[in-house]
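Spelled out from the first residue to the last, the chains are:
Protein chains: 6
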Amino acid sequence: MPKLIQYDEAPDEVRAVYDEIKAARNIPDVTNFWKAIANHPPTLRRIWDDMREVMGPGALDPLTKELVFLAAAMAHGCEYCTASHAASAKAKGMSREMLGEVLAIVALSAQTHVLADTWRVPLDPFYERQP
Amino acid sequence: MPKLIQYDEAPDEVRAVYDEIKAARNIPDVTNFWKAIANHPPTLRRIWDDMREVMGPGALDPLTKELVFLAAAMAHGCEYCTASHAASAKAKGMSREMLGEVLAIVALSAQTHVLADTWRVPLDPFYERQP
Amino acid sequence: MPKLIQYDEAPDEVRAVYDEIKAARNIPDVTNFWKAIANHPPTLRRIWDDMREVMGPGALDPLTKELVFLAAAMAHGCEYCTASHAASAKAKGMSREMLGEVLAIVALSAQTHVLADTWRVPLDPFYERQP
Amino acid sequence: MPKLIQYDEAPDEVRAVYDEIKAARNIPDVTNFWKAIANHPPTLRRIWDDMREVMGPGALDPLTKELVFLAAAMAHGCEYCTASHAASAKAKGMSREMLGEVLAIVALSAQTHVLADTWRVPLDPFYERQP
Amino acid sequence: MPKLIQYDEAPDEVRAVYDEIKAARNIPDVTNFWKAIANHPPTLRRIWDDMREVMGPGALDPLTKELVFLAAAMAHGCEYCTASHAASAKAKGMSREMLGEVLAIVALSAQTHVLADTWRVPLDPFYERQP
Amino acid sequence: MPKLIQYDEAPDEVRAVYDEIKAARNIPDVTNFWKAIANHPPTLRRIWDDMREVMGPGALDPLTKELVFLAAAMAHGCEYCTASHAASAKAKGMSREMLGEVLAIVALSAQTHVLADTWRVPLDPFYERQP
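Residue numbers (this note's numbering), protein chains in the order written: chain A, 1 to 131; chain B, 132 to 262; chain C, 263 to 393; chain D, 394 to 524; chain E, 525 to 655; chain F, 656 to 786.
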C-alpha cells in the first residue's frame with residue numbers, strides 16, 4: 001500500500017485542505033482517498049476545489065448528483081469511487097431498490113455500448129446536434 | 132456502414148419487435164440502433180426486452196433514469212448512446228444546465244478514478260460493505 | 263488523416279515487410295493498418311512478426327483464432343480491428359449467425375463485467391487458481 | 394465485501410432462479426456472482442435469462458462460446474469473469490496451450506487497438522460494410 | 525455536431541476565458557475543444573484553470589509534460605486529445621522518431637496490462653509500497 | 656493466485672528467457688510478471704523480446720521512456736504495471752514531484768477525454784494530419 005498522509009505528519013498546505021474537508025463534511029478525519037492524493041499537495045488542493053464546485057449546489061439536486069457520480073464510477077470500474085459514492089448516495093436517500101436500478105442501467109449501457117460501436121450505428125438525423 | 136434492416140425487408144420476428152418499439156414510443160419508425168442490431172434477430176428481441184424492463188417504471192423517476200444512462204454512456208465513451216439518451220433526457224426535462232452538470236460529474240469521476248486506482252487507495256472501514 | 267505510407271515511397275525496411283505480408287496473404291497491396299504503422303518502421307516490423315506468430319498455426323484452428331480476435335476487438339471497441347477481423351473470420355467460414363452470437367456474447371460479457379466489479383464479487387474457492 | 398445472498402435467506406423470487414441455475418448446471422449451490430447480483434432480484438432474473446439464452450445451443454459449439462466469452466472477459470479486464478469462464482472453458486476441453494493462445498491473441502488485439510486508433514486508420518473500401 | 529460557441533456570441537464569462545487562452549498561447553482564436561466545453565461555462569473555466577496549472581512549469585520540462593499527456597491520450601483512445609497534444613509536442617521538439625517510440629511504448633503497455641490483469645500477477649514485495 | 660513458474664521447475668525455453676532478463680537487469684531472480692506469463696512460453700519469449708526492443712536505446716532517453724510507460728499504465732488502470740514502472744522510473748531518477756506531475760497529467764487527460772468525446776469535438780484543420 002502506498003503511503004497515506006496522516007494529519008499529524010502533513011505539511012501545512014495539506015492540513016489546510018484537510019481542515020476544509022472536515023469542516024464541509026462535518027467529519028473527524030478525511031477518508032483514505034484524500035490521504036493518498038495528498039502525496040502530491042497541488043493535486044489534493046485542485047481535486048478538492050473541483051469536487052466542491054462540481055458536487056455543490058446546482059441545477060441537479062444533491063441525491064441526483066450522487067447517483068450520476070455513482071453511475072460513472074460503476075461504468076469506469078472504479079472500486080473506491082463506487083464504494084464511497086454509494087455510501088454518500090445512501091446518506092442522501094438512495095434506497096436499495098434505487099441502487100439496484102442504477103446498476104442495472106449502467107450494466108445495460110455497457111451492453112448497448114458494445115452493440116452500437118460494433119455496428120458503427122450512424123446517428124439518426126435528429127441526434128446529430130446532440131448532446 | 133454495416134447494413135441497417137428496414138421494416139419492409141425485415142423478417143417477421145424483427146417486424147414484431149419494431150412494432151412494439153413504435154407503439155411504446157409512439158414513433159413512425161425505429162431508430163438506427165434497432166435497425167443495426169436487427170442483423171441478429173435474437174439480440175434485437177433480448178435487448179428490447181431488457182431496455183423496456185430496465186428503463187420502465189421503478190424506484191427512480193424517468194428523468195433520473197435517463198440521466199443515469201446518459202452518465203454511463205459518457206463514461207463508456209459511447210457516441211451513439213450519448214446522443215440518443217441526451218435527446219431522451221431533454222424530452223423528459225433535462226435543461227442545458229443539468230446536462231452541463233452531468234458531464235462535469237462524469238469528467239470529474241474519470242479523474243478520481245485514475246487517482247484512486249493509481250494510489251490503490253484502500254477502502255475505509257465504513258466503505259467495506261459498500262455498495 | 264495521418265499519412266499512409268505507400269509502397270512506392272516506402273524505405274527498404276518497410277518494403278521488405280510489405281512484401282512479406284503480400285506474399286503471406288496473397289494480396290496485391292497491404293491494407294491501411296500496415297500503411298499507417300509504417301510511419302515508425304520498427305513498429306511495423308515488430309507487429310507483423312507478432313501477428314504472424316500469434317495468429318499462425320497452433321492449438322486453436324484458424325477460424326477460432328479469428329473469432330477470439332474479433333471478440334477482443336469488439337470488447338476493446340476498436341473499429342478498424344472489428345471490421346478487418348470480421349472480414350477475415352468470414353473468409354475462414356464465420357456465418358452471419360456465428361457473428362451474431364459472438365457479438366451477443368461480448369455484449370453480455372460487458373454487462374457481467376460491470377456487475378461483477380461493482381459488487382466486488384469474491385472468487386469462489388475453486389476459481390482461485392484460475393485461469 | 395458486499396452482502397452475498399444465501400439460499401436460506403433468499404426471497405422466493407431469488408430461490409426460484411437459484412433452483413434453475415443449480416438444475417441447469419447440476420451443482421449443489423450457485424457461485425458468488427449470482428449471490429451478489431441477487432441483491433437486486435430483477436437483475437438476477439434478467440441476467441440468468443440472458444446468460445442461458447446467449448450461452449445456449451447455437452451456431453457456435455459450446456467450447457467456442459466459452460473461448461469467446463473468456464476473450465471478452467480478458468479484454469474487459471474482468472477478474473471474476475476471467476476466472477469463472479476459464480474454469481468453464483477448461484471443463485469443456487480448453488487445454489493449457491489453447492488458454493495461452495487465447496490470451497496471446499487478446500493481448501495482441503489490445504496493442505493493435507492502440508495503434509489503429511492513434512493513427513485513425515481509415516477503413517479500406519472492402520471493410521466498409523463490415524462486420 | 526454539437527454547437528461550438530464562437531467568440532462573438534459568447535457570454536462574458538466565456539469570453540474572459542477565451543481571452544486568457546488566446547493571450548497565454550498567442551493564438552488568434554481558441555481551438556474547437558474550448559468552443560465545445562463552453563456550452564457549460566463553469567466547466568470551461570475549471571478545465572482551463574486545471575490545464576494551466578497542471579501543464580505549467582514544474583519538475584518536468586514542457587516537452588516531457590506533452591509526451592506524458594500524449595501517452596495518456598493514446599492509452600485512453602481519445603482522438604482529439606491525441607491529435608492536439610501531438611501537435612503541441614511537435615511544437616516543443618518531438619521528432620517523428622520520438623512519436624513512434626511513445627506510441628510503441630503505449631501499445632506495449634496495453635499488452636502487458638492484459639497479461640498482468642489476466643494472470644492477477646501479485647505485486648513483488650519491493651513493489652508493494654509503489655508508486 | 657494462478658501458478659507462478661519458478662526457475663527450478665521451468666522448462667529450458669523458459670529458463671533461457673529468465674537468464675536473459677536476469678543478465679540484462681542484473682537481478683538474482685525475475686519478477687512475478689515474467690513468472691506468470693511463463694505459463695505460455697511463446698508469450699514469455701515474445702513479450703521479453705518486445706520489451707527489450709521498445710524500452711531499449713532510442714530517440715527518447717531511458718527516464719522519459721519510463722515516464723511514458725508509467726503514464727500509459729496509469730491511464731490503463733494496470734496496477735502491476737504502475738507499481739513496477741514507478742519503481743523503474745524512480746531508479747532512473749524520477750522524483751516524488753515528477754511522479755505527482757505525471758499522475759496529475761494522466762488524471763487531467765482522463766477528464767479531457769470524456770469532454771472531447773461527449774461533445775464529439777471536430778478536429779481543427781491544423782490537427783487533421785496529426786499525429
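Just so you know, the hints here were simulated from the structure itself, not pulled from any lab data. Just so it is clear, the structure is predicted and the values come from calculations on it, not from any experiment. Treat the hints loosely; a few may be bogus.
27 Å max Cα-Cα, derived BS3-like pairs, lysine-lysine [claimed, not checked]:
id	chain 1	residue 1	chain 2	residue 2
1	B	K223	B	K134
2	B	K221	C	K354
3	F	K658	D	K485
4	B	K153	C	K354
5	A	K22	F	K747
6	A	K3	F	K745
7	E	K616	E	K546
8	D	K396	C	K354
9	A	K3	A	K22
10	B	K134	B	K153
11	B	K221	E	K546
12	D	K485	A	K90
13	D	K415	D	K396
14	A	K90	B	K223
15	D	K485	D	K396
16	E	K614	F	K658
17	C	K284	C	K352
18	C	K284	C	K265
19	B	K223	E	K614
20	E	K616	F	K745
21	A	K3	A	K92
22	A	K92	D	K483
23	E	K616	F	K747
24	C	K354	E	K546
25	E	K614	C	K352
26	B	K223	A	K92
Some but not every residue of chain A turned toward chain F, in silico, with C-beta under 8 Å [as the list claims (entries may be wrong)]:
id	residue
27	T31
28	H40
29	T43
30	P131
By construction, the Cβ of each residue, glycine as well, lies at the ideal position given by its N, Cα and C atoms.
> So which of those numbered hints doesn't the model satisfy?
Replying inline: Structure breaks hints 1, 2, 4, 5, 8, 11, 12, 15, 16, 19, 21, 22, 24, 25 and 27.
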